[in-house]
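Line order of the protein sequences matches chains A and B.
Using the numbering used here, the letters of the first sequence correspond one by one to residues -16 to 100.
Using the numbering used here, the letters of the second sequence correspond one by one to residues -16 to 100.
Each hint should be verified, as a subset may be incorrect.
Note: identical chains are not told apart, hence a pair may lie in one copy or across any two.
[Stated by the list, open to error] The calculated lysine-lysine pairs, modelled on BS3-like cross-linking and capped at a C-alpha distance of 30 angstroms, are:
hint	residue 1	residue 2
1	Lys54	Lys20
2	Lys97	Lys20
3	Lys(-7)	Lys39
Derived from the structure by calculation, the hints contain no laboratory data.
Number of protein chains: 2
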Amino acid sequence: MPDSVNLEAKLSLFSEHWTPKILAAYNGNDVMVAKLKGEYHWHQHPDTDDFFLVLKGRLTIRLRDGDVHLKAGELFVVPRGVEHQPVAEEECHILLIEPRGTPNSGDPATAAVKLPI
Amino acid sequence: MPDSVNLEAKLSLFSEHWTPKILAAYNGNDVMVAKLKGEYHWHQHPDTDDFFLVLKGRLTIRLRDGDVHLKAGELFVVPRGVEHQPVAEEECHILLIEPRGTPNSGDPATAAVKLPI
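Throw the hints in and build the complete structure from the sequences for me.
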């Protein structure tokens, strides 16, 4: 039988940044955790919204028309097609949800390989 | 411009149980918070998985072949078509995600009206 997933326990199993790890499936979406630190590049997902929930630390999601500041317990959904740049001055931990197969970088050529953890 | 959503702040705005409040949209899904206390009835969703993340307190999701115990920071996805009964001995707070229009009770006739908050 499937068991519950403890986010903190899963996050303790890896240390690399910008490499989402798959925790569960929801209707063809991957539910993932990731550790972020530094500036990611500007990108967009033409076919999907991008769900971020900060679990620990702080995350800024830069948009072309302003920044969204998130701390633990805060979420934001970047609408599809909207350019964004995630930036974490210090390491932050997030829960994210994307349709299975979505390149995290917006481009399959530069995307991280998402593996279950 | 859309702003971040603070889960605790949204949860402070209501007290009723078993009435999910809509926080955000993600690809045609409602991202919601709810407060649960007591036993919900057994039900299932034939067309969708059911995503639960516990934010505060404890939740048991009874399945026909065993119970799944969740505490804050733990998630579980009930697969579509699987009968389940959420039970919270003390009040618990959850984040849940369901396709827009999904009756939380599994039956439109008995479902809570989900409103934005």
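Now for the hints, and whether the structure bears them out:
{"no.": "1", "hint": "Lys54 / Lys20", "result": "both (14 angstroms within a copy, 27 angstroms between copies)"}
{"no.": "2", "hint": "Lys97 / Lys20", "result": "within (18 angstroms within a copy, 36 angstroms between copies)"}
{"no.": "3", "hint": "Lys(-7) / Lys39", "result": "both (13 angstroms within a copy, 19 angstroms between copies)"}
Hint check: no violations occur; every hint is consistent with the structure.
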